[in-house]
Amino acid sequence: AERAASPRRDILNKVAGAAAVVAAPGVAGAYEVPDLLYPFEGLEPYIDAPTMKIHHDKHHATYVTNVNKATEGKDEVPILDLMADALEAGPGIRNSGGGHYNHAFFWDEMAPHDKASKTKPSAQLDELINKSFGSMDEMKEKFEARAAPGALFGSGWVWICVNQKGDKLELVGTPNQDNPLMKGVLDEVMFPILGLDVWEHAYYLKYQNRRPEYVSNWWNVVDWDKVSENCKYAVDNHAGVPVRG
Amino acid sequence: MSATTKLLNPALRAAANLRSSALPKDVSKTAAAYLSAAPSGGAHTLPDLPYDYNALEPVISAETMTLHHTKHHNTYVTNLNVALEKLDAAVSAGDVSGIIGLEGALKFNGGGHLNHSLFWENLASKGSSEIKDGALKAAITESFGGFEDMKKEMSATTIAVQGSGWGWLGYNPKTGRLEIATRANQDPLQATTGLVPLLGIDVWEHAYYVDYRNVRPDYVNAVWDVVNWDVVEQRLAAAK
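If you read the protein sequences in the order shown, they are chains P and X.
All letters in the first sequence, in the order written, are residues 1 to 245 by this note's numbering.
All letters in the second sequence, in the order written, are residues 1 to 240 by this note's numbering.
Among the hints, erroneous ones may be present.
[Unchecked claim] Within a straight-line C-alpha distance of at most 25 Å, the following computed BS3-like cross-link-like pairs (lysine-lysine) qualify:
1. X:LYS86 <-> P:LYS142
2. P:LYS69 <-> P:LYS142
3. P:LYS131 <-> P:LYS120
4. X:LYS151 <-> X:LYS71
5. X:LYS137 <-> X:LYS174
6. X:LYS107 <-> P:LYS142
7. X:LYS71 <-> X:LYS152
8. P:LYS168 <-> P:LYS131
9. X:LYS107 <-> P:LYS69
10. X:LYS152 <-> P:LYS206
11. P:LYS53 <-> P:LYS74
12. X:LYS137 <-> X:LYS126
[Claimed, not checked] Which bits of chain P does chain X cover? Going by a derived footprint, with three or more residues having C-beta under 8 Å, they are:
13. 58 to 69
14. 160 to 167
15. 217 to 223
[What the hints assert, rightly or not] Derived CB-CB ranges, DEER-like:
16. X:ALA138 <-> P:GLU76: 47 to 55 Å
17. X:ALA138 <-> P:PRO39: 52 to 60 Å
18. X:GLU179 <-> P:LYS53: 45 to 53 Å
19. P:GLU76 <-> X:ASN54: 48 to 56 Å
20. P:GLN164 <-> X:ALA93: 48 to 56 Å
21. X:ALA93 <-> P:GLY166: 48 to 56 Å
Just so you know, these hints were derived from the structure itself, not from any lab.
Backbone N, C-alpha and C fix where the C-beta goes; we use that ideal spot for every residue, glycine too.
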């Protein structure tokens, strides 16, 4: 499907093409760790710089190294294209391919607070949020409940997704590096527009065991313009959002 | 360490596989003995560590031990008590749906309490414990070929756990052999596999992130230096 025209996406593609994208050494291959669109300290004080640096340069880089190993010798395809059949493809693609997609998706939906605070949902996204959850506040409340340690136990992600039909938003959690794009993970494949990493590595240095505090602070760095773009893409294409790297 | 004796809850004792008759004095005084419940089956409590918070340095820092014990384990204990209260209410009301609905909370928090209680017990300060010739060593040799073989296999398997979980050396009561197993999240070993836990290694990120960041292999390789082999030996004896 044709990707909707977007000046922001054009800029991103140019930046991605020009930048030296591999932040950490690893096995060369089809996939690379995309540079963040903001400095490591950009999401302070909500997400600390040391966490951003290790999360990006170590954890994400390891997923990239491992998915490159798992796809060695195979045709190069965008990481998005590996998601649908990830369970069938095996643990290498599922865990490391999923890890690469999820983190690439995560970095770009966030922005420094002074930028993020000026963003808001598009009319389309606003309408879908109200229809699906009642209101933005109710959506956030339900999201935080879904992300709580007793609700998403262990490692995983919480997502807001556009459903198959494109007429409703769903709130879901997935374990480890699974995501809603993978057939067999949820009752039906759906298309994430917003996601939150609740693996302990995402918050431990600053928040230790206090995951709820991390989750409620995170709203301060959500870029609603990007989330709205993700929403339009998913609704128009009935497909997952492409990511850089 | 409190001088008061506490009752050992039979169910938890069975789960930790420490028959009171088989408990040597040393073990009975240590943390595992405090897997206790008040006589009416009431609240579980956080067991004291059998050593100071800094005892496992430099392998595991005092900071990690403090967070791990007073925050993570403590939360499992608190939430287990909440879940058990709800279970009592549901059982009393004959609310089968409510009983089943508590399954997750009981497994998470009960498993978390069991696993961590076992974990503190099977650790000891560096240099204070070594594996001796005896039943444990013989069983390891029989089941894995040798002590180093077992360590290598258990390290690799434990490091490879996806996301949060545990690596275990367990005793299979049906075969009489030792096995290595991993469990996701806080799934308790014996309840879910029938293997009796002898030695556990926590690989939730909270167990090692402060000291090792993302480098789980360094943590798992180092943790062998702080294993309490006497406890592992005693658990095997109690299991047979």
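Tested hints:
A C-alpha spacing of about 23 Å is found between X:LYS86 and P:LYS142, which places the hinted pair at or below 25 Å, so the restraint holds. Taking the CA atoms of P:LYS69 and P:LYS142, the gap is about 38 Å. The hint is violated against a cut of 25 Å. A threshold of 25 Å between alpha carbons decides the hint, and for P:LYS131 with P:LYS120 the separation of about 17 Å falls inside it, so the pair holds. For the hint linking X:LYS151 to X:LYS71, the alpha-carbon distance of about 30 Å lies beyond 25 Å, and the restraint is violated.
For the proposed pair X:LYS137 and X:LYS174, the alpha carbon gap of about 19 Å is at most 25 Å, so the pair holds. Straight-line distance between C-alpha atoms of X:LYS107 and P:LYS142 comes to about 23 Å, which keeps the hinted pair within the 25 Å bound. At roughly 31 Å between alpha-carbon atoms, X:LYS71 and X:LYS152 are farther apart than 25 Å, so this suggested pair is violated. In summary, the hint linking P:LYS168 to P:LYS131 is supported, as the alpha carbons are separated by about 7 Å, within the 25 Å threshold.
Of the pairs offered as hints, the one joining X:LYS107 and P:LYS69 is violated, with about 36 Å between alpha carbons and a cut-off of 25 Å exceeded. Between the alpha carbons of X:LYS152 and P:LYS206 the distance comes to roughly 33 Å, so the proposed pair goes past 25 Å and is violated. For the hint linking P:LYS53 to P:LYS74, the alpha-carbon distance of about 30 Å lies beyond 25 Å, and the restraint is violated. In summary, the hint linking X:LYS137 to X:LYS126 is supported, as the alpha carbons are separated by about 20 Å, within the 25 Å threshold.
Using a Cβ-Cβ cut-off of 8 Å, 3 residues of the segment 58 to 69 of chain P lie near chain X, which meets the minimum of three, so the contact claim holds. Check result for the segment 160 to 167 of chain P against chain X: violated, 0 residues qualifying (beta carbon to beta carbon below 8 Å, three or more required). A stretch counts as covered by a chain when three or more of its residues have a beta carbon under 8 Å from one of that chain; for the segment 217 to 223 of chain P and chain X the count is 0, and the coverage is violated. In this structure the supplied range 47 to 55 Å holds for X:ALA138 paired with P:GLU76, their Cβ-Cβ distance being about 53 Å.
Checked against the hint of 52 to 60 Å, the C-beta distance between X:ALA138 and P:PRO39 comes to roughly 58 Å, which is consistent with it. For the pair X:GLU179 and P:LYS53, the beta carbons lie near 40 Å from each other, so the given range of 45 to 53 Å is not met. In this structure the supplied range 48 to 56 Å holds for P:GLU76 paired with X:ASN54, their Cβ-Cβ distance being about 51 Å. Under the hint 48 to 56 Å, the C-beta atoms of P:GLN164 and X:ALA93, about 40 Å apart, miss the expected range.
For the hinted restraint 48 to 56 Å between X:ALA93 and P:GLY166, the CB-CB distance of approximately 44 Å leaves it violated.
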